[in-house]
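J.: The residues making up each chain are set out below.
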Amino acid sequence: MEEGRNSGEKETALGGRSLTATSQDGGGQISVVSLAQGKVEGGKVYSGDGVLGYLEMLEAQAHELGLKQEEKEQQEKKLNRLKAKVQELRTRRDELRAKVELQEKRLLDKEGVVTDPARPSAQTVLEWKVKSIKAMLQVFYLTGISGKLTKQGVCFCISTAYEGTYLDSYYVDLLIKPEVKIQRHSVPIFIPLEQIAKKYLQTDIRRFLSILSDHLNAYVGRRHQADQLEEHFSDRIEGTLQRNSLCNLLVFNYTVSSDNKTFPFNVRLLYGDLCCSLPTEAIISCTPGTLPLLARMAAAHSNTFRQMALHKAFDSVINAKESQH
Amino acid sequence: MDEVVVEYIRRTVLKIPRDEIMAVLQKWGFLSEAQLQTINFRQTKESISHSVAQLCEESSANIKQAALLDIIYNHIYPNKRAWSVYHMNKTGEETDFFDFRDFKKKFRRQIQSALINVTINFREYEDNAIWIRIAWGTPYTKPNQYKTSYVVYHSQTPYVFISASTLRSNLPLLCQAMVVASNYYNIREMELRSHCLNSLKDIVFKRYSQNFQTNYPLQERNVLTENEDLRINDENRSEKERIHRLNQECFGDGPQPKLDFAQYKLETMFKSDPKWDVLEKKEPFRCLVKFSSPHLLESLKSLAPAGLADAPLSPLLTCIPQKARNYFKIREKKSLHPGSFVSP
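Here the protein sequences line up with chains A and B, keeping their order. Under my numbering, the first residue of the first sequence is numbered 18, with each subsequent residue one higher. Under my numbering, the first residue of the second sequence is numbered 686, with each subsequent residue one higher.
Just chain A, same shape as in the assembly:
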């Protein structure tokens, strides 16, 4: 249909023919009647009458014929392609059907002549058990803290996530005798692992793991927010986002416009609680800082940053200011 419309537009420029005649049938036959029609209409459009006009009209018709031919060829090609695909899918379906039948037949043969559909074979039971154990292990892994007994102790795996996105996994390999000790780990060096271990590892392993998991999840969450901010809003931030290893201090600049004037705002986000992925302080300064409107905006922005995830907060902050005028 699209091809018809395109050539139709050309035709209206030349001779004002109707659209429907060209698109539906692939035959591309133009009856003598329509030709005659065209001639009359052609005569209307072209000021030059007689031979020249007639020649022009013929040329236009030839061109139009060519287009229709092309369109017909393309449609044929498309049809052939689709036919081939249908054929291919049909053969595939037949193959798979044959495979399934063969499998069923094999199963029947294994069980012997008497097949009791209510009593599953030992093989299927085993397969089901393995599958359900694998699923159970996956569930444990997805809960965030999972572990495996080793020769000398236990190896815990802490998997982190932020708002539905699964992020990194960290391992802690513990020795149990003579006392609980960390043999090795893959926790980043800036997470205060030794401090947490000193406080809780000997007395309460569960608490140790839970606090370590909080630290790791919060760190990964802060890092994820900073990454998202840089990825989606780097054009709205002046310069670059200043961060550090723990992502517990983020500084950046953005502009706020009001009454056709732009004001630069500077944000300092401090995350005082290392187990938390929201800032404890959001210090917003703007120059000049004297306008009361700016002070109100700064306070509002500060609240937003402290309550929502960084990239979402920034999104709402920019969009909110645009709606102010």
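Be careful, since some hints might not be right.
[Claimed, not checked] Which chain A residues stay away from chain B? Per the calculated CB distances, all over 12 Å, these: (1) Gln-78; (2) Leu-99; (3) Ala-101; (4) Pro-205; (5) Ser-230; (6) Thr-272; (7) Asp-290; (8) Asp-332; (9) Ile-335; (10) Asn-336.
[Stated by the list, open to error] Quick list of simulated restraints, FRET-style, between CB atoms: (11) Asp-687(B) - Ile-335(A): 21 to 29 Å; (12) Ala-152(A) - Leu-973(B): 30 to 38 Å; (13) Arg-853(B) - Val-156(A): 56 to 64 Å; (14) Lys-950(B) - Asp-290(A): 44 to 52 Å.
By construction, these hints were calculated from the structure, which means they are not laboratory data. Every residue, glycine too, gets a C-beta built ideally from N, C-alpha and C.
Please arrange chain B on chain A, whose structure you already have, making use of the hints.
T.: Here is chain B on its own, set in the frame of chain A:
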């Protein structure tokens, strides 16, 4: 000042392999694309360096840009320098809000309060690595741009990587500035040195592959896949598998950090059959053993499978990454290091 700067830039460009000069200059960003297009990179390096110098002179390059080019060069080719690792200690447990701007100010102030004639430049990279370049002068002379020290620091970590090259006399000042600027208490040099900066980072940040056993994701049993030619029978298959397993436990699966050498200073008593009466004086036998290699840990890992050593290897060799040191002093204390010689 200009000629010094331009000549310095020219010499820095000369250090870069010819095929990579364009890429480095683009990373530098001081010369525009149009200017870079005017350079014929198929000339000799000498000519290329002169073309670059010319362009820099026309664009009035200053010392800051020249220093930046040097930082970029050293960041791309860090293995040309020898790096040492330093460890810092903290007293309190408060959360540290590392502020990069603050850090730069404090660092500069510390150094310049003792020695005003220095050029200090900072550059932060995406992996939170801060590169500091310091060109040293003396109280009476301007900074010599060819006498530089480099410091690489990841914020909120207790490890600092320093490549002092020349003028080790300025090291104490440098260390002091690091401690003050990063809010730590003291700093000491570790027994860990190498040319490969990334491997040093891998060792102290424990980023090298460690074999952690987990239930999920399910780990496939690592079967030794040899040539499946059934005509070949491996008589020592079980031994091979034992060695392989022990090696895996010691070294893990993945690539090892790259170290150049391991040095063992022995101060142990020479133990021999008393009737042979060697060494009448009961003094420790002083001896230095140094293992050098383009890639020490990989070569240690392949010793047992190649049949050159028994598995498991001595813990003195395998403890290098875990203990984060490649300089050892072995003394007579039997409880720590059983360093006894087998008499000939």
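J.: Taking the hints in turn, state whether each one holds.
T.: Consistency of the hints with the structure:
Taking the minimum C-beta to C-beta distance to chain B, about 53 Å, the non-interface status of Gln-78(A) holds against the 12 Å cut. No Cβ of chain B approaches the Cβ of Leu-99(A) within 12 Å, the least distance being about 42 Å, so the stated non-interface status holds. With a closest Cβ-Cβ approach of about 40 Å to chain B, Ala-101(A) is found to remain outside the 12 Å limit, as its non-interface label requires. The claim that Pro-205(A) lies off the interface is violated: its Cβ sits roughly 7 Å from the closest Cβ of chain B, which falls inside the 12 Å cut-off.
Here Ser-230(A) stays apart from chain B, with its beta-carbon at least about 16 Å from theirs, past the 12 Å limit. Every Cβ of chain B is farther than 12 Å from the Cβ of Thr-272(A); the closest lies at roughly 20 Å, confirming the non-interface assignment. Not every CB of chain B is more than 12 Å from the CB of Asp-290(A) (nearest about 8 Å), against its label as outside the interface. Listed as a non-interface residue, Asp-332(A) keeps its Cβ farther than 12 Å from every Cβ of chain B; the least gap is roughly 23 Å.
Look at Ile-335(A): its CB is around 24 Å from the nearest CB on chain B, clear of 12 Å, so calling it non-interface holds up. Every Cβ of chain B is farther than 12 Å from the Cβ of Asn-336(A); the closest lies at roughly 28 Å, confirming the non-interface assignment. Range check, Asp-687(B) to Ile-335(A): about 44 Å between beta-carbon atoms, so the 21 to 29 Å window is missed. Ala-152(A) and Leu-973(B) have their C-beta atoms about 58 Å apart, which leaves the hinted 30 to 38 Å range violated.
In this structure the supplied range 56 to 64 Å holds for Arg-853(B) paired with Val-156(A), their Cβ-Cβ distance being about 57 Å. A hinted range of 44 to 52 Å for the beta carbons of Lys-950(B) and Asp-290(A) is consistent with their spacing of about 47 Å.
Figure legend: structure checked against the earlier numbered hints; hints not met, in rising order: 4, 7, 11, 12.
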